[in-house]
Amino acid sequence: MTLSICTAQLNFVVGDLPGNVQKIIAAAREAYATGARLLLTPELALCGYAAEDLYLRPAFLDACDQAVQQLALETAQWPGLALVLGHPWRDQGAVGALRNAASVLRDGRVECSHAKQCLPNYGVFDEQRYFVAGQSPCVIEVQGVRVGLLICEDAWHPEPARAAAQAGAQLLAVINASPFHEGKQAEREATLAARACETGLPLVYAHLVGGQDEIVFDGCSFAVQADGSIAARAPAFAEALPQVEVRTGGHALVLAGEVIAQPGHLPALWSALVLAVRDYVGKNRFPGALLGLSGGIDSALVLAIAVDALGADKVHTVMMPSPYTADISWIDARDMAERVGVRYDEISIAPQFEAFKAALAPAFAGRAEDTTEENLQARIRGTLLMGLSNKFGSVVLTTGNKSEMSTGYCTLYGDMAGGFAVIKDVLKTEVFALARWRNANDPFGTGLDPIPDRIITRPPSAELRPDQKDQDSLPAYEVLDAIVRRYMENNESIASIVADGYASADVERVTRLIQINEYKRRQAPVGPRLTRRSFGKDWRYPITNRFRA
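The numbers in full-length UniProt numbering rise by one with no breaks, and the one at position 80 of the sequence shown is 80.
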């Protein structure tokens, strides 16, 4: 006995029900032609994952219901194909309770619907805001194989898999929308291997791919043998329709498929950033992207990401020198723009800066210049970029990194002005590592060595006053980033970080800066989440707050 299973690892668009339906139909047609009789779509594939408060709109749910019926009718053209569809479901048997569901569509009808049992309500997840949990397992039969259905978080807890096994399942099928962060695929595979070993059942894990605002889904759908070993793995950060063969091996089922290697740490981060930019720009129908190019490492990295994501013809750069801009910054900015082939303009901010200072001179009389004048320069640049954005429609990509966002080393309505904060969740030490990696690798075959070496090796500077260096205002980035990781990402206390050997003054200063700059971060653009904890959906601290520890 052999059962062929396909997983529709596809990039869906939230709210684009007609487009998503057509993608699923195309996948079903292709899967059926290859002999598959079970097609798994990702969690909430019909409407796209993270539809947020769209779930509270009756008109949206009505449209979802209609799309389910449309897809069910379509399955009549593929006799015997069981299409497992992820979608929101108003369960009339539970007084219309909204469920995160997997429905089985087969032979022109909705055969059954299964509700997700474990609703995550942590990190980036708010499922208990919208959905009601199910209580029962669901086992379907496809070509003589009894398949237990699970939905994402269900597989992170032992009981739903155990219940499916007790209900007679021979194989587990898990549909998912599991957000990417560093090391997440290894966590998934270890967790699902544990479920396989606990139940003695092999499983197939169908996953989503694509960017959705700040969340990135990395694909890597996979299959696990009953002993926990990996039987198949799909590519990362790309659409695919991988196929797994289920064969009888004695009394057990054995899976067979292609195992594609996972990308390493830096290649995965790069691919996540590129996918996030491509989908944010494309799905929101911006004609292109625009950024300020300073000759520094952050804007250079963002430019390299944008070109890999969109192509040089859709990226516009602007160098906006001030009286404090070093000659080498001009040279390096031009050099990089020429290397990657993007449009490059220069607009001096000196006249506007002098005009602002003159306008404010009466009010500032008797006061020395300070960060006020530095921030004026950043805000002039932000205004120019937003003017170009308004005129031509391109989205402004901001270039601030996580180290800066943590400590407030950024200017409201200045370098924070824009539509997408590309490296918002990339620490400065990782910025350098990614720049070096991209210069040594060409993941998308562009033939480019994009970032001039001097940009990587020179000391970072905001260039808002004479001879300014980042380390004049911040601890060494190796120290700063380590403190940020431990305090912000890992929730460690000030005392525990100091106890591990970090200077008390550095820890006190960095954690204080994190606390007092919450008001800035609350006004920052969204940006892709790459770590276990980003300054986004999974960081919800009060602005007005006097607690520190």
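These are calculated hints, taken from the structure and not from any lab test. Warning: the hint list may mix true and false statements.
[As the list claims (entries may be wrong)] FRET-style restraints, in silico, Cβ to Cβ:
(1) E258 to F444: 17 to 25 Å
(2) Y519 to D449: 37 to 45 Å
(3) Q69 to R546: 48 to 56 Å
(4) A238 to I456: 41 to 49 Å
[Stated by the list, open to error] Here are the simulated BS3-like cross-link-like pairs (lysine-lysine), alpha carbons at most 30 Å apart as the crow flies:
(5) K283 to K184
(6) K23 to K314
(7) K391 to K23
(8) K23 to K184
(9) K184 to K391
(10) K314 to K283
(11) K184 to K537
(12) K23 to K283
(13) K391 to K283
(14) K391 to K357
(15) K357 to K520
(16) K520 to K184
(17) K537 to K520
(18) K357 to K283
(19) K283 to K537
(20) K520 to K283
Where is the CB? At the ideal position from N, CA and C, for every residue including glycine.
Structure-based check of all given hints:
Checked against the hint of 17 to 25 Å, the C-beta distance between E258 and F444 comes to roughly 22 Å, which is consistent with it. A hinted range of 37 to 45 Å holds for the C-beta pair Y519 and D449, which are about 40 Å apart. For Q69 paired with R546, a C-beta distance near 55 Å keeps the hint of 48 to 56 Å intact. Taking the beta carbon of each, A238 and I456 are about 28 Å apart, not inside 41 to 49 Å as hinted.
Our distance criterion of 30 Å between C-alpha atoms is met by K283 and K184, whose separation comes to about 25 Å. A C-alpha spacing of about 26 Å is found between K23 and K314, which places the hinted pair at or below 30 Å, so the restraint holds. This hinted pair does not check out: K391 and K23 have alpha carbons roughly 34 Å apart, beyond 30 Å. Simply put, K23 and K184 have alpha-carbon atoms about 26 Å apart, close enough for the 30 Å limit, and the pair holds.
For the given pair, K184 sits about 40 Å from K391 by alpha-carbon distance, which is inconsistent with the 30 Å threshold. The suggested pairing of K314 with K283 holds, with an alpha-carbon distance near 15 Å, which does not exceed 30 Å. Between K184 and K537, the direct Cα distance comes to roughly 17 Å. Compliance with the 30 Å bound is thereby established for this hinted pair. Only pairs whose Cα atoms come within 30 Å are accepted, and K23 paired with K283 is accepted, the gap being roughly 15 Å.
This hinted pair checks out: K391 and K283 have alpha carbons roughly 20 Å apart, not beyond 30 Å. Straight-line distance between C-alpha atoms of K391 and K357 comes to about 27 Å, which keeps the hinted pair within the 30 Å bound. Between K357 and K520 the CA atoms are separated by roughly 24 Å; this keeps the pair inside 30 Å, and the hint holds. For the hint pairing K520 with K184, the CA-to-CA distance comes to about 29 Å; that is within 30 Å, so the pair holds.
Of the supplied pair hints, the one linking K537 and K520 holds, its CA atoms being roughly 15 Å apart against a limit of 30 Å. Note on K357 and K283: the hinted pairing is violated, with a Cα-Cα distance of about 41 Å set against a maximum of 30 Å. Pair hint K283 plus K537 holds up; C-alpha atoms about 20 Å apart against a cutoff of 30 Å. Restraint check for K520 and K283: satisfied, since their Cα atoms lie roughly 27 Å apart, inside the 30 Å limit.
Hints 4, 7, 9, 18 from the earlier list are contradicted by this structure; the remaining hints agree with it.
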